[in-house]
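Chains E and V, in that order, are what the protein sequence lines are.
All residue numbers for the first sequence refer to our numbering, where the first residue is 3 and numbers rise by one.
All residue numbers for the second sequence refer to our numbering, where the first residue is 3 and numbers rise by one.
In short, the hints are calculated from the structure, not lab data.
Every clue listed holds true.
Some chain V residues judged to face chain E by a derived CB distance under 8 Å, without partners named: (1) THR145; (2) GLY146; (3) VAL205; (4) VAL206; (5) GLY212; (6) PHE236; (7) TYR240; (8) LEU245.
The following label-pair restraints were derived from C-beta to C-beta distances: (9) V:GLN318 to E:ALA315: 51 to 59 Å; (10) E:ALA315 to V:ALA295: 33 to 41 Å; (11) E:ALA348 to V:ARG297: 45 to 53 Å; (12) E:ALA94 to V:GLN125: 32 to 40 Å; (13) E:ALA71 to V:ALA287: 53 to 61 Å; (14) E:PRO62 to V:GLY151: 53 to 61 Å; (15) V:GLU277 to E:PRO309: 43 to 51 Å; (16) V:GLU277 to E:ALA348: 28 to 36 Å; (17) E:ARG279 to V:GLY269: 31 to 39 Å; (18) E:SER222 to V:GLU277: 28 to 36 Å; (19) E:GLY272 to V:LYS56: 51 to 59 Å; (20) V:ASN25 to E:GLN125: 37 to 45 Å; (21) V:ALA287 to E:ALA138: 31 to 39 Å; (22) V:LYS56 to E:VAL143: 29 to 37 Å.
Please read these numbers as outputs of a predicted model, since none were measured by experiment.
All residues carry an ideal CB built from backbone N, CA and C; glycine is no exception.
2 protein chains.
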Amino acid sequence: MPNHGDATLPAHWGPPYLLYLGNPADDLAIKTARGVAWWRPEWCVGQYRHPDCKLTLGLPDIGMAEARARGANTMMIGTANAGGVMAPEIVADAIAALDAGLNVVAGLHQKLRANADIVAAAQRNGRVLFDARDPAPGIPVGTGRPRAGRRLLTVGTDCSVGKMYTTLALERAMRQRGCAADFRATGQTGIFVAGAGVPVDAVVADFISGAVEWISPARSDDGWDLIEGQGSLFHPSYAGVSLGLLHGAQPDALVLCHEPTRRHMRGLPGYPLPELRHCLEANLAAARLTNPAVRAVGVALNTSGMPAPEALAACQRISDLLQLPCQDPVSMGVEAIVDNLLACFAN
Amino acid sequence: MPNHGDATLPAHWGPPYLLYLGNPADDLAIKTARGVAWWRPEWCVGQYRHPDCKLTLGLPDIGMAEARARGANTMMIGTANAGGVMAPEIVADAIAALDAGLNVVAGLHQKLRANADIVAAAQRNGRVLFDARDPAPGIPVGTGRPRAGRRLLTVGTDCSVGKMYTTLALERAMRQRGCAADFRATGQTGIFVAGAGVPVDAVVADFISGAVEWISPARSDDGWDLIEGQGSLFHPSYAGVSLGLLHGAQPDALVLCHEPTRRHMRGLPGYPLPELRHCLEANLAAARLTNPAVRAVGVALNTSGMPAPEALAACQRISDLLQLPCQDPVSMGVEAIVDNLLACFAN
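Okay, chain E solo, but in the shape it has when bound:
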C-alpha cells in the first residue's frame, strides 16, 4: 500500500501523480493516463507533455520540479506504444523525474527496473520504481477457504468490454450512498487508479486464485470489495485467468459486462461472442465452487458504439431476457444495479 508523504516511512509509490504523456502516437497510447485522470482527478497534480504533443487530459501542463513543489509523489508513465518498448526519451524523462524527487511508475512491457540508468537514478535519489506488470513477490497459492465480507466481481462476455469502468462506477455510486465499498484492481490501469492491486494476468499460473484472495482479504465492516474482472470464460486465449479470478474472488454478486456491437471475440475472428444467458450461467456455475450462494445482480452494457435510442432499447431487451437491471455505466449510471445489489443483500 502506498503512503502519501509520511516522512517516517520509506518512500513508496502512490498519488498524488504527475501524469506523463510525453509525445504519444494516438489516444489509445494514453488510455491508462486517461483512466486515472477520469477516475481520480483529485490525485492528479498535472500532466507532463513534450512540445509536439497534440493530446491533453485537460490538466495543468507542468514540469517535474513544479509537480514536486505542488505535492506530487509519483510520476506515472501512462503511455503504451507498440511492443511496450521504452523509448530513449522516456528513459531520459524517468531519470529527470527521479532527480526531481519523484517516484516513477509505469505499465510498459519493458520494465523500469530492467534499465540500469533508471535504477541508478532511483538509488541516488532514494526514490522507488514500480512496474505495474510485475506482481509483488510472495503471492500465496489460493486456499478456497471461505472468508468474511461481501464481494462483487465483474465478469464479461469478452475482453475489453468495460469491466474496470463498471467496477469503478459501482464504487463511486455506492460511496455516494454512504456504503463502504472498495475497488480491488487486477490490471495495470486499475492498479494506478487504486494505488494498489495485482496484475492477475502476469502472475505465475499456479497463483491466479491466490492473488485474488490476497487483494480482497476478509473484511468485517459490512462493506463490499468490488473486484475488477479480466478476460472471459469464453476467450480461448485467457479463460484460465478468468476462472482463477472467479474462484479466488469467492463473489457473492456478479455483474455481467458486454459490448453489443462486437462481432467476434477480441482478436479472434473465428470465435463468436457467447450468448448472454449461457455466459452468465457458466460464470454462476463456476463461481459456485467457492461460493455456492453467488447470484447475478445486473448487466453493464457498453453502448458507446450505438445511438442513444438503440442503447436504451438494447438495455431493455437484455433486462427482460435476464430479469436483471441493465445499464450503460458511462451514459446511464449504475443506480438500478446498485438498487438491486442492496436489495438482494439487504440483511
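With chain E's structure known, arrange chain V on it following the hints.
For chain V alone, kept in the frame of chain E given last:
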C-alpha cells in the same frame, strides 16, 4: 528438443540420463527419478547414490565419470526436498557432474541457474543447465485456431490422481499397436520422461493456453498427441491452469482420471471431490469452446489404495455409470480405453 550426442550441434540436455538420488529423505523425494526409471528405463544408464542412501531404483550404482564413459549425456537431479531447496551436497555434486562432462537438469524450486558456482562450472565445461520449472522464453499467447492432428487430454477430479501415468500408459499401449502416438509433457516429471515440454503451472497466467498449443502443434500423420493434464476444474487453487490447458489442447478425446479413496480435494479438507458425471460434463462443456467435437473415451481409476476385488467392482460401477471403459492403468492396463478411442475415431 534435446540432441543426443551430435558433436556438430551445441550441447543440449536430454537422455541418456544418470539419475541422481543423493541421500533422499524418503521415497516421495525420489518420485521424479522413479517416474523416469519406470517409463524410460532404456534412457537410464545408472543411478548416483551417497553411501547412506537406503533407496534404490534398481539401476547400476555408478559415478559421474563412469556414467559419461557409458554414454550418459545428462545428470538428472530427480530429488525433491522440503521447500525445494538445493542442499550444499547437491550443489557440489552438480558441479562434479559438469566437470565430468555431463549436462545437469533439475526440477527444484531453487534454480540451478541461480547458483553462481554451478553456472561457472557449466560455462567452463561447455555444458548446459536446465531447470524444469523454468518455462522456455518466447511462449506465445494462445490463438484458439483449429489445427490439424488428433489430440487426447487427461483430465482429473483432483490433482495427483494419475494423469501422467495414464497418459504415458496410453502412449505405450498405442505404440505397441503400431499407432503413432506422442506423450506431450506439462509437468516436471513428464518433461524429463519426454525430454521436452512446458511446466504449464509455471508459465505466466496469460500464456497457459498458448503454452499448450506450442507443445502440441499441428500434425498430419494421422497420429495422436497425448497431452498430460494438470490439476482439476474443481480445484479452487489451480482450476485456471486446468481450463487454459483444456482450451489450448483442443482435445478430440478426453480420459477422466480419478482416485476413488480420496476424501477431499488435495490439500483442502473443506472441498469434497466432484461427482464423476458432473466433472466429466463440465470438462466436455469447457472443451467444446475450442473443439466442439470433443468426446470422452474412458476413465482411468487409480485403485492403488484398494484390494483387487474392490478395484474391479469400482471400475465396473463407474463404467456402467458413464458408459465408458474404466481401468486402472497400472494394475489393469489401458487396452479397453485404447479400443474405444480407436473405435470412436476409426475414420
